[in-house]
Amino acid sequence: NAGVTQTPKFQVLKTGQSMTLQCAQDMNHEYMSWYRQDPGMGLRLIHYSVGAGITDQGEVPNGYNVSRSTTEDFPLRLLSAAPSQTSVYFCASKSWDTEAFFGQGTRLTVV
Amino acid sequence: AQSVTQLGSHVSVSEGALVLLRCNYSSSVPPYLFWYVQYPNQGLQLLLKYTTGATLVKGINGFEAEFKKSETSFHLTKPSAHMSDAAEYFCAVHTGKLIFGQGTTLQVKP
Numbered sequence: 036n037a038g039v040t041q042t043p044k045f046q047v048l049k050t051g052q053s054m055t056l057q058c059a060q061d062m063n064h065e066y067m068s069w070y071r072q073d074p075g076m077g078l079r080l081i082h083y084s085v086g087a088g089i090t091d092q093g094e095v096p097n098g099y100n101v102s103r104s105t106t107e108d109f110p111l112r113l114l115s116a117a118p119s120q121t122s123v124y125f126c127a128s129k130s131w132d133t134e135a136f137f138g139q140g141t142r143l144t145v146v
Numbered sequence: 013a014q015s016v017t018q019l020g021s022h023v024s025v026s027e028g029a030l031v032l033l034r035c036n037y038s039s040s041v042p043p044y045l046f047w048y049v050q051y052p053n054q055g056l057q058l059l060l061k062y063t064t065g066a067t068l069v070k071g072i073n074g075f076e077a078e079f080k081k082s083e084t085s086f087h088l089t090k091p092s093a094h095m096s097d098a099a100e101y102f103c104a105v106h107t108g109k110l111i112f113g114q115g116t117t118l119q120v121k122p
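Protein sequence lines correspond, in order, to chains A and W.
Each residue of the first sequence is one higher than the last, beginning at 36 in our numbering.
Each residue of the second sequence is one higher than the last, beginning at 13 in our numbering.
Since no wrong hints were added, every one of them can be taken at face value.
Which residues of chain W face chain A? A few of them, derived with a C-beta cut under 8 angstroms, are:
| id | residue |
| --- | --- |
| 1 | Tyr44 |
| 2 | Gly113 |
| 3 | Gln114 |
Restraint ranges, calculated between C-beta atoms of paired labels, are given here:
| id | chain 1 | residue 1 | chain 2 | residue 2 | range |
| --- | --- | --- | --- | --- | --- |
| 4 | A | Val85 | W | Glu78 | 20 to 30 angstroms |
| 5 | A | Gly38 | W | Ser96 | 19 to 29 angstroms |
| 6 | W | Pro42 | A | Asp91 | 14 to 24 angstroms |
| 7 | A | Val146 | W | Ser38 | 35 to 45 angstroms |
| 8 | A | Asp91 | W | Thr63 | 15 to 25 angstroms |
| 9 | A | Asp91 | W | Thr67 | 22 to 32 angstroms |
Please keep in mind that the hints were generated in silico from the structure rather than gathered at the bench.
Note that the Cβ used here is the ideal one computed from N, Cα and C, for glycine as well.
Chain W on its own, in the form it takes in the complex (with noise of 0.2 angstroms):
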């Protein structure tokens, strides 16, 4: 069965530091793989994408994430947090039908 899991609802780290955002899937064929911003009270906002080719995915606003197989996961990294950042976060995936992680909260602490 087609899965996703965000470790961590809630996120938090000091402007300037490292963002790591966690995703695992599952999944019995090759994915299709998202990452997604929300601002309050806005819509989704895509982030990045893995279809195939490269595994690692560069995206807006410095942004990447890396397709690794073997270990079924799509980390979301950022190596240095801006007060903007401060958002909530998705991971999805796509194989018959596209269903999303649970969301992980980032706070940017000054």
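So here's chain A without its partners, still in its complex pose (with noise of 0.2 angstroms):
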């Protein structure tokens, strides 16, 4: 049982590259979510989940996208990056009684 697997753990991204973040878990989870942390911010809301197939924006959705294909998956898809970009992104999990569940964070930096 790993949890809650999120990859990769550091990235450096050009401005206007793209790139996915990874998340999978193991839990049967239908909830998931991702967020960004910045310092004074707390953890925004960017998009989130409550099942295969659905899909919601958070509080911070421009210039993210993400699908739900499989209750396991959720990925993040950086389309064109930018240094406003640059963050801590954190996926995770949850049922609906429960706490949730971090994948262990992505350090990204935009340059």
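Using the supplied hints, reconstruct the complex from the two chains, each of which is provided in its own coordinate frame.
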């Protein structure tokens, strides 16, 4: 039982490049979500999903895409990276009455 | 609309003093409420949660929180602060989506 697996741990991108952050969970959780963490701003919700085939926007969705083709996987795509997307990203999954389980985080730098 | 507000981005207490971190939420449906702690360069660790049942919830490391529906609050307390409690604390609410407050940094002075 691996929990939530998030990759990569570190990434440096050039402005305009695209990339995908991977997130997978093996707990059969319906709910998954992506956050970015910036100093003084807490964790801000980017996108979330309440089940396979269902996604919705969070607080800061611009510049990011998601899909949920299976219960297990919830990748986050940066379409054209910008310096403002430099941040630490966390993936999370949960059932409705449990706490969230988090990935290890991805430290992304866009230069 | 669902929201979470943590009052005070920085709280400083002396070792042995009461810790009180404030959290207010807005939600149109009964929420699930959580407190997490984050130590520098680490991930988030669950302190405690409220889903249903008893409104006074006890968590790890001597922390507790009380769900007060009439005040839409879920404040976190600890009777006596330890140096090891210095960290950032996040309140979170889950209705249709899980959202977090902006965090409160707790400083503990010797």
